[in-house]
Amino acid sequence: MTLLTCIMVGVIFAAATYMMLGRELKGVCMGVFLMGHGANLAIIATSRSPIGREPPVLGLARISELADPLPQALILTAIVIGFAVQAFLLTLLVITWRRSRTLQLAELAVEEGA
Amino acid sequence: MPERLIVYMLVVPMAAAIVAMCLHGFRSIQRPVGSAFLVANFLVCARFLYTVCTATDPQGRVLVSQMGSWPAPFGITIVVDPLAALMLTVSSLVCLAVFVYSLTQLDDRFAGGFFHPMFHLLVLGVQWSFVAGDLFNLFVAFEIMLMASYAIFVLGTTRAQMRQAYKYVLLNLIGSTLFVTCCGLVYGQLGTLNMAHITQIVQDGRLPASSIPVITMLLLVFGAKTAIFPLWYWLPDTYHTLPAAIGGLFAGLLTKVGAYVMIRVFVMMFGGSPQVTAVLTPLILISAGVTMFLGVLGAVSMHSVRRILSIHIISQVGYMLMGVGLGMSAVSGLSGGAALASRELAIAGAIFFIVHNMVVKCCLFLCGGLMIEHAGSDDLNKIGGLLRRAPWLATLFLIAALSLAGLPPLSGFFGKWVLIREGFTQQQYWLTGFAIATSLLTLLSMLKIWSYGFWSPPQGQHVTRPHYRVRTVGGIASIALLVVVALSMGFGASSYMKVARLAASTVVYPRLYVDAVLGKAAAPRLAPMRPSHASIDGPETSGHANGLRGETRLAAVDSVETR
Amino acid sequence: MMSTLIFRNAAKVLVPLSLLFAMFIYFKGHQSPGGGFVAGLVAAVALIVHRMSYGARSMNRMLPFPERSFIAIGLFLALSTAVVPLLFDQPFLTSYHGSIALPGNNGRAYTIEWASVMVFDLGVFMVVTGVVVGMINTLSEELEFCHLPEQES
Numbered sequence: 001m002t003l004l005t006c007i008m009v010g011v012i013f014a015a016a017t018y019m020m021l022g023r024e025l026k027g028v029c030m031g032v033f034l035m036g037h038g039a040n041l042a043i044i045a046t047s048r049s050p051i052g053r054e055p056p057v058l059g060l061a062r063i064s065e066l067a068d069p070l071p072q073a074l075i076l077t078a079i080v081i082g083f084a085v086q087a088f089l090l091t092l093l094v095i096t097w098r099r100s101r102t103l104q105l106a107e108l109a110v111e112e113g114a
Numbered sequence: 001m002p003e004r005l006i007v008y009m010l011v012v013p014m015a016a017a018i019v020a021m022c023l024h025g026f027r028s029i030q031r032p033v034g035s036a037f038l039v040a041n042f043l044v045c046a047r048f049l050y051t052v053c054t055a056t057d058p059q060g061r062v063l064v065s066q067m068g069s070w071p072a073p074f075g076i077t078i079v080v081d082p083l084a085a086l087m088l089t090v091s092s093l094v095c096l097a098v099f100v101y102s103l104t105q106l107d108d109r110f111a112g113g114f115f116h117p118m119f120h121l122l123v124l125g126v127q128w129s130f131v132a133g134d135l136f137n138l139f140v141a142f143e144i145m146l147m148a149s150y151a152i153f154v155l156g157t158t159r160a161q162m163r164q165a166y167k168y169v170l171l172n173l174i175g176s177t178l179f180v181t182c183c184g185l186v187y188g189q190l191g192t193l194n195m196a197h198i199t200q201i202v203q204d205g206r207l208p209a210s211s212i213p214v215i216t217m218l219l220l221v222f223g224a225k226t227a228i229f230p231l232w233y234w235l236p237d238t239y240h241t242l243p244a245a246i247g248g249l250f251a252g253l254l255t256k257v258g259a260y261v262m263i264r265v266f267v268m269m270f271g272g273s274p275q276v277t278a279v280l281t282p283l284i285l286i287s288a289g290v291t292m293f294l295g296v297l298g299a300v301s302m303h304s305v306r307r308i309l310s311i312h313i314i315s316q317v318g319y320m321l322m323g324v325g326l327g328m329s330a331v332s333g334l335s336g337g338a339a340l341a342s343r344e345l346a347i348a349g350a351i352f353f354i355v356h357n358m359v360v361k362c363c364l365f366l367c368g369g370l371m372i373e374h375a376g377s378d379d380l381n382k383i384g385g386l387l388r389r390a391p392w393l394a395t396l397f398l399i400a401a402l403s404l405a406g407l408p409p410l411s412g413f414f415g416k417w418v419l420i421r422e423g424f425t426q427q428q429y430w431l432t433g434f435a436i437a438t439s440l441l442t443l444l445s446m447l448k449i450w451s452y453g454f455w456s457p458p459q460g461q462h463v464t465r466p467h468y469r470v471r472t473v474g475g476i477a478s479i480a481l482l483v484v485v486a487l488s489m490g491f492g493a494s495s496y497m498k499v500a501r502l503a504a505s506t507v508v509y510p511r512l513y514v515d516a517v518l519g520k521a522a523a524p525r526l527a528p529m530r531p532s533h534a535s536i537d538g539p540e541t542s543g544h545a546n547g548l549r550g551e552t553r554l555a556a557v558d559s560v561e562t563r
Numbered sequence: 001m002m003s004t005l006i007f008r009n010a011a012k013v014l015v016p017l018s019l020l021f022a023m024f025i026y027f028k029g030h031q032s033p034g035g036g037f038v039a040g041l042v043a044a045v046a047l048i049v050h051r052m053s054y055g056a057r058s059m060n061r062m063l064p065f066p067e068r069s070f071i072a073i074g075l076f077l078a079l080s081t082a083v084v085p086l087l088f089d090q091p092f093l094t095s096y097h098g099s100i101a102l103p104g105n106n107g108r109a110y111t112i113e114w115a116s117v118m119v120f121d122l123g124v125f126m127v128v129t130g131v132v133v134g135m136i137n138t139l140s141e142e143l144e145f146c147h148l149p150e151q152e153s
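Chains as they are written, first to last, in the numbering used here: chain E, 1 to 114; chain R, 1 to 563; chain Y, 1 to 153.
Do not take every clue at face value.
Said to hold, decoys possible - Beta-carbon label-pair distances, calculated as ranges:
hint	chain 1	residue 1	chain 2	residue 2	range
1	Y	115	E	6	34 to 42 Å
2	E	51	Y	112	34 to 42 Å
3	E	102	R	297	29 to 37 Å
4	Y	115	E	55	13 to 21 Å
5	E	91	Y	31	34 to 42 Å
6	Y	115	R	421	55 to 63 Å
7	Y	27	E	73	15 to 23 Å
8	E	53	R	35	50 to 58 Å
9	E	53	Y	60	29 to 37 Å
By construction, these hints were calculated from the structure, which means they are not laboratory data. Ideal Cβ positions, reconstructed from N, Cα and C, are used throughout, including at glycine.
Throw the hints in and build the complete structure from the sequences for me.
Put into structure tokens, the structure is as follows:
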């Protein structure tokens, strides 16, 4: 299972990198979002697999059967931060679109030169 | 003041941000309230610096507060040691000066909207990264700082600046993603993220060799934030597009936070591991030389005030990096006590240099803003004669510029002097040569601004803006505040250096820090392994270093139960 | 704005139910999975469903104060709860808990557990609701603005 997660992390990072190399801002931003999810998955992959363990709440099960709570806390925090970042980037895209009616990096550069 | 109150350094800016958000739209109230909060913030930081530096008991030099009473390696810890306290004090002073400057100098286009809450959030992020006691909190603090900086960055941007904004935001986001991945990998390998705990593991020689790639990845992350040699590409294009107040804030704080983190992570946490230093020190030293020299060459070739100053940031980062590299390990020719002493001195030099650079760099950016205010442009070909028109500004600029170049009685000299001397002690002749050459070229580029902008005969039309005198008084006052601090660092260098050496000693000899955070009595990692341990971890543990994780987790749950 | 009959009628049922469910999650979070963050998200989704079916103005009437104030009040609640322990010689963010015995029927007392972290969680709840609703408001205003001519034609 861990191996599968690791491969998935690799695939996601590769896809994200490919998207970020594009010339359109929407795709680039989606690539960044995707990379964030890849990072979260990487935290799961490096921490011990929670499969077959109880949720880390005291009193539900024996301590030895609980999953490690820390990676989950890390991922939750990272997701929240990613949420804020995504909202910010989307707003930035909307503003850019409103101002210049284009999301192509090349066209933005042309305007800058003009 | 009691130890638990160190959290005021986070509470005060956060409260300021909330209040500023409530007062959105009432700028006449927002301004005095914001200034009051920043003054309070500075006083709190200075008070703790005093506590930390005058503590007679060496244990008192590291103040620790465990959030929510959760014990050290498991909960969130906030630590103020002399290094953090010094950084906090100076950064809060810089923030105060920039804020005063922005009151009169920042366009309504920028200063309206949510500038005030974002400013305080930026302060919160910066201060949090100084006091964070574990890697993940450092990440969160970075994110708060960066989110606030993105928001400030795009306030009132014109269409042309949008592209630069994307560059800044996207590259920093990729850096952050790598950082959080590194956090996961470090946790996977060491079973902890607490800085003191990791330091302990490294000092005990229990760092697995497989974690060296992860640590190198951390160098990439922090290098991108600090703008070191191969990773600096985002900085020169972005900073010069910003208004002076915002540029001064970013130049004074953001890259320096990166340099601070480098000292904290690579010198304190991983400096005790010979394998890590063997890999990283050459990388850092080479990068330092290239960074400082290419940066200053870029600055010499530029012809606009803000561009020169922006690229100079990179060159100055090179010196900080040189201190980090020399502090990580005495590379050759030294052994034992002499090596340790040399490392400590190099770190002290780097700390002194960072502190000096925060003040002086910010001051120069603010000066650049006033030059534009006076002459209507910052292209050196179009301005001139500012010496006669703005004699105060000229005086303050000259002092700050010569401090940056490092002429002897001024503050820049002492940091560089210590660094260069330690460079010779450690026989890094090439690097030291570059450092000296860079210093000379810095002087050249500063004199370029001086002679074109201030000394040469006036060019073109003298633009006078409405309320010109009133507007510049606030600006001059805040620049004067920074220049006075810079002068005190030059003429009172010995006392500043004493604090810097104290800070360096807690970094190079981290025993004090570790004991203060983990607590001598608690030290759950020393508890004998439980008999149930084997059954918990089973065969899976084999992949993890020393079975630390299971042990850590058990102790964590223990401490929860006993509560 | 999706103003089909089915969606409007479904929203009538869904919105109050989801708000109730948000409250349930919020209180449940005291002892088991749940809490202010998730509850805030659920409440925000409910509000957004309402916004989609009845329009932005109707949703804004539903809120007691603008969403920006939600964020400020929530942050203030969280920060002040976190600061209180400093007055009692405890570190920042320390949580207190206990139980209250209520007189119940037939002589059996009900005990209610309380924890100071509930107030903190309420702050989180308000921040999350405010942020999500504000975000959707800002972004969809733009979309509605863009598509307005198409809808009219």
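Going down the list of hints, with the structure as the test:
Residue 115 (chain Y) and residue 6 (chain E) have their C-beta atoms about 39 Å apart, which keeps the hinted 34 to 42 Å range intact. Against the hinted window of 34 to 42 Å, the Cβ-Cβ separation of residue 51 (chain E) and residue 112 (chain Y) comes to about 37 Å, which satisfies the hint. Taking 29 to 37 Å as the suggested C-beta distance range, the pair residue 102 (chain E) and residue 297 (chain R) conforms, at roughly 36 Å. One distance hint, 13 to 21 Å for the beta-carbon pair residue 115 (chain Y) and residue 55 (chain E), holds here, with the actual separation near 19 Å.
The hint said 34 to 42 Å for the Cβ distance between residue 91 (chain E) and residue 31 (chain Y), and at roughly 37 Å that hint holds. Between residue 115 (chain Y) and residue 421 (chain R), the C-beta spacing of about 57 Å keeps the proposed range 55 to 63 Å intact. One distance hint, 15 to 23 Å for the beta-carbon pair residue 27 (chain Y) and residue 73 (chain E), holds here, with the actual separation near 21 Å. The hinted window of 50 to 58 Å between residue 53 (chain E) and residue 35 (chain R) holds, with their beta carbons roughly 53 Å apart.
Between residue 53 (chain E) and residue 60 (chain Y) the C-beta distance comes to about 45 Å, which lies outside the given range of 29 to 37 Å.
Going down the numbered hints, you'll see the structure goes against just number 9.
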